[in-house]
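Enquirer: Listed below, chain by chain, are the residues.
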Amino acid sequence: MTTSAIAPLLRVENLSVHAGRKQLVKDISFDIMPGERVGLIGESGSGKSLTCLSVLGLLDQGLNAQGRVILGSRRAAAEEESAESQSIDLLSADEDQFSKIRGNRLSMVFQEPMTALNPLMKVGDQLREVIRLHRPRTKQVKAEVIDLLSSVRIPEPARASEVYPHQMSGGQRQRVMLAMAMANGPELLVADEPTTALDVTVQKQVLNLMAEQVERAGSSLLFITHDLGVVSELCDRVIIMRQGRIVESGSIDRVFTTPEHPYTRALLAASALETHPSTGRLLTLESSVETGATALTKVKEAASEAARSSTGTTDFDMPSIDHLADSVDGTDLVYNQSQNPAIRVRDLTRTYGKPGLLGRGRQVEALRGVSFDVTAGQRFGIVGESGCGKSTLLRLLTALDEPTSGYVDVTGERISGGRERHLRWLRETMQIIFQDPMGSLDPRMKVTDIIAEPLRNTDRAERRRRVHELLEQVGLPRSSAEKHPHEFSGGQRQRIAIARALVTKPRVLVADEAVSALDVSVRAQVLNLLQDLVDEYQLTLVFVSHDLNVVRYSCDVVAVMHNGHMVECGHSEAVFDSPRHPYTADLVESIPRLRDRAA
Amino acid sequence: MTKRSSETANGITPTAKNTRRRGGTPLIIAGSVLVAVVLMMALVSVVWTPQSPTATNAVNRLASPSAEHWLGTDGLGRDIASMLLVGSRVPLLVGLGTVGVGFAIGVPLGILAAMTDRGAGTWVMRGNDILQAFPALLLAIVLAAIFGPSTVTAVIALGLGLAPGVARVARSGTLQVLSREYALAARAAGRGPLFLAIRHVLPNIRGILIVQATVGFAIAILAEAALSYLGLGTPPPAASWGRMLQDGQAVLHNAPLTILWPGLAVAVSVLGFNLLGDGLRDRFDPRMEVSR
Numbered sequence: 001m002t003t004s005a006i007a008p009l010l011r012v013e014n015l016s017v018h019a020g021r022k023q024l025v026k027d028i029s030f031d032i033m034p035g036e037r038v039g040l041i042g043e044s045g046s047g048k049s050l051t052c053l054s055v056l057g058l059l060d061q062g063l064n065a066q067g068r069v070i071l072g073s074r075r076a077a078a079e080e081e082s083a084e085s086q087s088i089d090l091l092s093a094d095e096d097q098f099s100k101i102r103g104n105r106l107s108m109v110f111q112e113p114m115t116a117l118n119p120l121m122k123v124g125d126q127l128r129e130v131i132r133l134h135r136p137r138t139k140q141v142k143a144e145v146i147d148l149l150s151s152v153r154i155p156e157p158a159r160a161s162e163v164y165p166h167q168m169s170g171g172q173r174q175r176v177m178l179a180m181a182m183a184n185g186p187e188l189l190v191a192d193e194p195t196t197a198l199d200v201t202v203q204k205q206v207l208n209l210m211a212e213q214v215e216r217a218g219s220s221l222l223f224i225t226h227d228l229g230v231v232s233e234l235c236d237r238v239i240i241m242r243q244g245r246i247v248e249s250g251s252i253d254r255v256f257t258t259p260e261h262p263y264t265r266a267l268l269a270a271s272a273l274e275t276h277p278s279t280g281r282l283l284t285l286e287s288s289v290e291t292g293a294t295a296l297t298k299v300k301e302a303a304s305e306a307a308r309s310s311t312g313t314t315d316f317d318m319p320s321i322d323h324l325a326d327s328v329d330g331t332d333l334v335y336n337q338s339q340n341p342a343i344r345v346r347d348l349t350r351t352y353g354k355p356g357l358l359g360r361g362r363q364v365e366a367l368r369g370v371s372f373d374v375t376a377g378q379r380f381g382i383v384g385e386s387g388c389g390k391s392t393l394l395r396l397l398t399a400l401d402e403p404t405s406g407y408v409d410v411t412g413e414r415i416s417g418g419r420e421r422h423l424r425w426l427r428e429t430m431q432i433i434f435q436d437p438m439g440s441l442d443p444r445m446k447v448t449d450i451i452a453e454p455l456r457n458t459d460r461a462e463r464r465r466r467v468h469e470l471l472e473q474v475g476l477p478r479s480s481a482e483k484h485p486h487e488f489s490g491g492q493r494q495r496i497a498i499a500r501a502l503v504t505k506p507r508v509l510v511a512d513e514a515v516s517a518l519d520v521s522v523r524a525q526v527l528n529l530l531q532d533l534v535d536e537y538q539l540t541l542v543f544v545s546h547d548l549n550v551v552r553y554s555c556d557v558v559a560v561m562h563n564g565h566m567v568e569c570g571h572s573e574a575v576f577d578s579p580r581h582p583y584t585a586d587l588v589e590s591i592p593r594l595r596d597r598a599a
Numbered sequence: 001m002t003k004r005s006s007e008t009a010n011g012i013t014p015t016a017k018n019t020r021r022r023g024g025t026p027l028i029i030a031g032s033v034l035v036a037v038v039l040m041m042a043l044v045s046v047v048w049t050p051q052s053p054t055a056t057n058a059v060n061r062l063a064s065p066s067a068e069h070w071l072g073t074d075g076l077g078r079d080i081a082s083m084l085l086v087g088s089r090v091p092l093l094v095g096l097g098t099v100g101v102g103f104a105i106g107v108p109l110g111i112l113a114a115m116t117d118r119g120a121g122t123w124v125m126r127g128n129d130i131l132q133a134f135p136a137l138l139l140a141i142v143l144a145a146i147f148g149p150s151t152v153t154a155v156i157a158l159g160l161g162l163a164p165g166v167a168r169v170a171r172s173g174t175l176q177v178l179s180r181e182y183a184l185a186a187r188a189a190g191r192g193p194l195f196l197a198i199r200h201v202l203p204n205i206r207g208i209l210i211v212q213a214t215v216g217f218a219i220a221i222l223a224e225a226a227l228s229y230l231g232l233g234t235p236p237p238a239a240s241w242g243r244m245l246q247d248g249q250a251v252l253h254n255a256p257l258t259i260l261w262p263g264l265a266v267a268v269s270v271l272g273f274n275l276l277g278d279g280l281r282d283r284f285d286p287r288m289e290v291s292r
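Taken in order, these protein sequences are the chains called A and B.
So for the first sequence, the UniProt record's numbering puts the first residue at 1; every next one is plus one.
So for the second sequence, the UniProt record's numbering puts the first residue at 1; every next one is plus one.
The reader is advised that the hints may include incorrect statements.
What the hints assert, rightly or not - Partial list, derived from the structure: chain A residues whose beta carbon lies under 10 Å from chain B:
1) 399
2) 400
3) 421
4) 438
5) 441
6) 450
7) 453
8) 497
9) 501
To be verified - Coverage of chain B stretches by chain A, computed from C-beta distances (three or more under 8 Å per stretch; other residues unrestricted):
10) 184 to 190
11) 197 to 208
Just so you know, the hints here were simulated from the structure itself, not pulled from any lab data.
Beta carbons: idealized from backbone N, C-alpha and C, even for Gly.
Make the full structure from the sequences, and use the hints.
Expert: Encoded structure:
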């Protein structure tokens, strides 16, 4: 191949990564041109992170990369033949060569800005170190640090350079990371899920900033993510990986409008939470894509359709729901008011911390007066960003914490202030599904014990029967009962958590970010399952999430929380289509959308 | 936590399922072998010894190793090999007893302290601090002075000395477990604190407790030897390594071998338990959940 006018900046040739005998990345090749922004998409275990770590030479011990990863010669320095500017095979580079390249020609932004910054060093010092390391002769480092901080729009950069990472918000920390990565004008910026840990509004700001910085420095970008929406806003080209292979690559417009590979089509459908035109169920991804079966699932469609027509869509007498938004003067509104609600919440507040001596104690008002009702059979969504008080609200709803003032009634009975002994009925009536399917299952317990945990006063045979019944309902084989949680994938573990929640035949189900930790395709499956079971058990569902799309799909009524207040509440469609509160509007606006560019 | 686990899922580290980390294996093997040797000595001594370990022989004092006396005799003409074998029982019993007492007190207290972190737990841990500030050996000497030297006194004193450390470890392990969502899930399922402690906490802190036990065992063996050496441990005529060391001290110049053997025995058994503890720590500590 003759060298064309523009040589690729990064050329990955036949890259394979092995862990022992297991091949995790299978012989992949791609190029990144100077100034090009490439998105690398894949679900858990697709090998996308391993690919990017191989490029940076940061693979864990025990992992072995083969192939070639060529970083092209530095564009401006054709004559200047220093070792730093020559093209180099990164896989065979030694630590010395890497330390000249990393942070200088290549730089990286990690997922979790808290752990990627040194907690014991001031932000300014960390930036200074990066500059000094690669450009020791730089004068006026301090001014440059402040410049960098202001270029990533950190307010009061001079002051910000003197603070420690924990004094900043997550978004600010990620901006500092970006400033560090861009400090030496790298040719390639590698970003590994940099906005996954951030709220949507902050994510949007950081993404915009990243695009702007990369453009200004003329750098290329390799952006690794599982979120197709994010990629479509930021990148020119996209590479889709699955099980260690590249299944499709091409320009964003082409791939997102006319995807060729069935997996890509399925992934697009699943991330957009597309529903099947006739059944109204979410389209999911079959695990057997590779065997040539069409990706768009037809699984259980007939079955579920039958189920639906027999039970009928749950037609509760739903009172008309007022679409209310928080008034400016801040008087407490009662949202979604109803006569005989399953859950009644009034003037609920929760303050953490103590007022110390002389008023110097730290008090955090997590919840500042929230009132709403949830009607029986309703699917009530609560959305909000981190710190808005939704987790606190959830703990109060489930009586895992005591409110500072106000009360919660469940099916007409007061649960706030009750002693644990008197809450036994509640523990059967109300069940919770947690966010992290790894953390919410005891690793030392067998699945059967996990599922049967909420059951009291039942004999062995009955427990066994219920466990088997539930395993069947959540779509797991009976043999799962004798296994331990680590033998299951994330989606399967969440199914186990759902089974546990339903074992007592509760009337209210509270789901805390129940699908946030799952891959998009698995997410659709779990949401479908949840919807089926909510219908079947005629549950009242309280669904807490930061993901507006998910809430929109799975809930009838949605409430938006902000700063410990509920600011808006109404029918999901109404709230998202015509938000009344400015914050809701902002939130809706910030959702990364798949087809924005393609359209 | 969540971030960590999603990172794992992204393939940065292979899933726990496929390549379970099995660290510390060489250490565990080496430790187990040494511990097994000591254990065998104790077991053999119950049924058979080359000579009587208590029979003195004024004529045959400080004899060199021979077919009759494999390791020679000591200052009173007793057979060193036999004493060495019999002497291995006491340290093992003391180790077992100490760990038993220490865990019986430390583990419940530690779990209790963690589960009532705001109220009683604080007081438990402060009391723990005070107890920890008191050297176990000193406590043993005091108890021996009051109740007279015996194996039981030594075990109680050393067990009391071990308990605060165990409580501390149990507490931190419990706090870690309680911060996980499955503990919250159990509460939400209406399970009381006792169920939580027995079904969730204990199995999940088992690993770090086993490490504590092996290390405690090693400390106890060493401490028992020290106490016997001071004459505050097992009283004569029962043979014990510490007492052999003391007896040998008097004839050190004439027959250095008399203290070489018991010294070596103490060193080997302590080394064995320490190696085992280190190996188990490597296996259990880094990630509690993959240790099964």
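Enquirer: All hints, please: hold or fail.
Expert: The hints, checked one at a time:
1. Interface restraint check: residue 399 of chain A against chain B, minimum CB-CB distance 9 Å, threshold 10 Å, status holds.
2. Hint status for residue 400 of chain A: holds, given a least beta-carbon distance of 6 Å to chain B, under 10 Å.
3. Using the Cβ-Cβ criterion of 10 Å, the hint placing residue 421 of chain A at the interface with chain B is satisfied: the shortest such distance is roughly 9 Å.
4. For the restraint placing residue 438 of chain A at the interface with chain B, the shortest Cβ-Cβ distance is roughly 5 Å, inside the 10 Å limit, so the hint holds.
5. A hinted interface residue such as residue 441 of chain A counts as satisfied when its beta carbon comes closer than 10 Å to some beta carbon of chain B; here the least separation is about 6 Å, so the hint holds.
6. Restraint check, residue 450 of chain A versus chain B: the minimum CB separation of about 8 Å is within 10 Å; hint holds.
7. Checking residue 453 of chain A against chain B: minimum C-beta separation of about 5 Å stays under 10 Å; hint holds.
8. With 10 Å as the threshold, the beta carbon of residue 497 of chain A comes within range of chain B, its nearest partner Cβ sitting at about 8 Å, so the hint holds.
9. Given the 10 Å rule on beta carbons, the hint for residue 501 of chain A holds: about 9 Å separates it from the nearest Cβ of chain B.
10. Remark: the region 184 to 190 of chain B is confirmed as covered by chain A, as 7 of its residues place a Cβ nearer than 8 Å to a Cβ of that chain, reaching the required three.
11. Coverage of the region 197 to 208 of chain B by chain A holds. Counting CB-CB distances below 8 Å, 5 residues qualify, and the rule asks for three or more.
Going through the hint list in order, the structure satisfies each hint without exception.
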